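Visitor: Numbering (the working numbering), first residue to last: 33 to 194.
None of these hints come from the bench; they were simulated from the model. Quick caveat: nothing in here was measured; it's all calculated off a predicted structure. It is possible that part of the hints are untrue.
Taking lysine to aspartate or glutamate pairs in the EDC-like style, the calculated list, with each CA pair at most 16 Å apart, reads [what the hints assert, rightly or not]: (1) LYS153 x GLU166; (2) LYS86 x GLU74; (3) LYS86 x ASP186; (4) LYS153 x ASP125; (5) LYS128 x GLU143; (6) LYS153 x GLU138; (7) LYS161 x GLU74; (8) LYS86 x ASP171; (9) LYS52 x GLU68; (10) LYS128 x GLU138; (11) LYS161 x GLU143; (12) LYS52 x GLU166; (13) LYS153 x ASP178; (14) LYS153 x ASP56.
Per label pair, the in silico range of CB-to-CB distance [unchecked claim]: (15) GLY37 x SER137: 28 to 34 Å; (16) LYS41 x GLN126: 20 to 26 Å; (17) ARG140 x HIS163: 31 to 37 Å; (18) ASP77 x GLY49: 25 to 31 Å; (19) ASP72 x GLU143: 31 to 37 Å; (20) GLN126 x GLN182: 19 to 25 Å; (21) ARG88 x ALA112: 38 to 44 Å.
Don't be surprised by glycine CBs; every beta carbon is placed ideally from N, CA and C.
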Amino acid sequence: MFSFGRRSKEVRDTLCGELKAVVDFAIQVYDISLIEGHRDQETQDRYFATGVSKVRWPNGKHNTYPSDAVDIWPYVTNLAGIRVSTALSGHPDQIKALAKATGKSEKRIWELTLQEYATMKGVLMAAAKMHGIELRFGDDWDRDHDRLDQSFIDLPHVEVVR
33 MFSFGRRSKE
43 VRDTLCGELK
53 AVVDFAIQVY
63 DISLIEGHRD
73 QETQDRYFAT
83 GVSKVRWPNG
93 KHNTYPSDAV
103 DIWPYVTNLA
113 GIRVSTALSG
123 HPDQIKALAK
133 ATGKSEKRIW
143 ELTLQEYATM
153 KGVLMAAAKM
163 HGIELRFGDD
173 WDRDHDRLDQ
183 SFIDLPHVEV
193 VR
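Working from the sequences, and respecting the hints, build out all of it.
Guide: What follows is the structure in structure tokens.
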């Protein structure tokens, strides 16, 4: 069984009850790191200005308190037999560093990252279903199960649909 670290616990404390139920179930079966829950206005404005977010304050699900959204990264401990102990952000710099550390290609590390996100999403979907909660993910904003029709992909993003 896995458990949240200090930072993930701090993020969890900012989440709405539905998201707490989902992540509490998920951490029992899959290792995840909670990256961000509630966002203040300064952070949301910065994210909008830099293109990290597509919505202005206070229109984001992260802007409610408690937060109706959370960013989550899958946590891995072993890649190609090398102990790495890291949350997979998917950031290009991380992909390059992991490729160098493991001797695998950047393409292979990116494929692994996508596989871990898919596994994580499946666990979160099962947890939500068990609790009667509807979620939306940052790789399928319109929830039509077609990820190729998205113009903005935010793999870590998970939000409650109200």
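Visitor: State for each hint whether it applies.
Guide: Structure-based check of all given hints:
no.: 1; hint: LYS153 x GLU166; verdict: holds, 13 Å
no.: 2; hint: LYS86 x GLU74; verdict: holds, 15 Å
no.: 3; hint: LYS86 x ASP186; verdict: holds, 10 Å
no.: 4; hint: LYS153 x ASP125; verdict: violated, 23 Å
no.: 5; hint: LYS128 x GLU143; verdict: holds, 13 Å
no.: 6; hint: LYS153 x GLU138; verdict: violated, 22 Å
no.: 7; hint: LYS161 x GLU74; verdict: violated, 34 Å
no.: 8; hint: LYS86 x ASP171; verdict: holds, 14 Å
no.: 9; hint: LYS52 x GLU68; verdict: holds, 13 Å
no.: 10; hint: LYS128 x GLU138; verdict: holds, 6 Å
no.: 11; hint: LYS161 x GLU143; verdict: violated, 27 Å
no.: 12; hint: LYS52 x GLU166; verdict: holds, 13 Å
no.: 13; hint: LYS153 x ASP178; verdict: holds, 15 Å
no.: 14; hint: LYS153 x ASP56; verdict: holds, 14 Å
no.: 15; hint: GLY37 x SER137: 28 to 34 Å; verdict: holds, 30 Å
no.: 16; hint: LYS41 x GLN126: 20 to 26 Å; verdict: holds, 23 Å
no.: 17; hint: ARG140 x HIS163: 31 to 37 Å; verdict: holds, 35 Å
no.: 18; hint: ASP77 x GLY49: 25 to 31 Å; verdict: holds, 27 Å
no.: 19; hint: ASP72 x GLU143: 31 to 37 Å; verdict: holds, 36 Å
no.: 20; hint: GLN126 x GLN182: 19 to 25 Å; verdict: holds, 22 Å
no.: 21; hint: ARG88 x ALA112: 38 to 44 Å; verdict: holds, 42 Å
In summary, the structure is inconsistent with hints 4, 6, 7 and 11 from the numbered list given earlier, while agreeing with the others.
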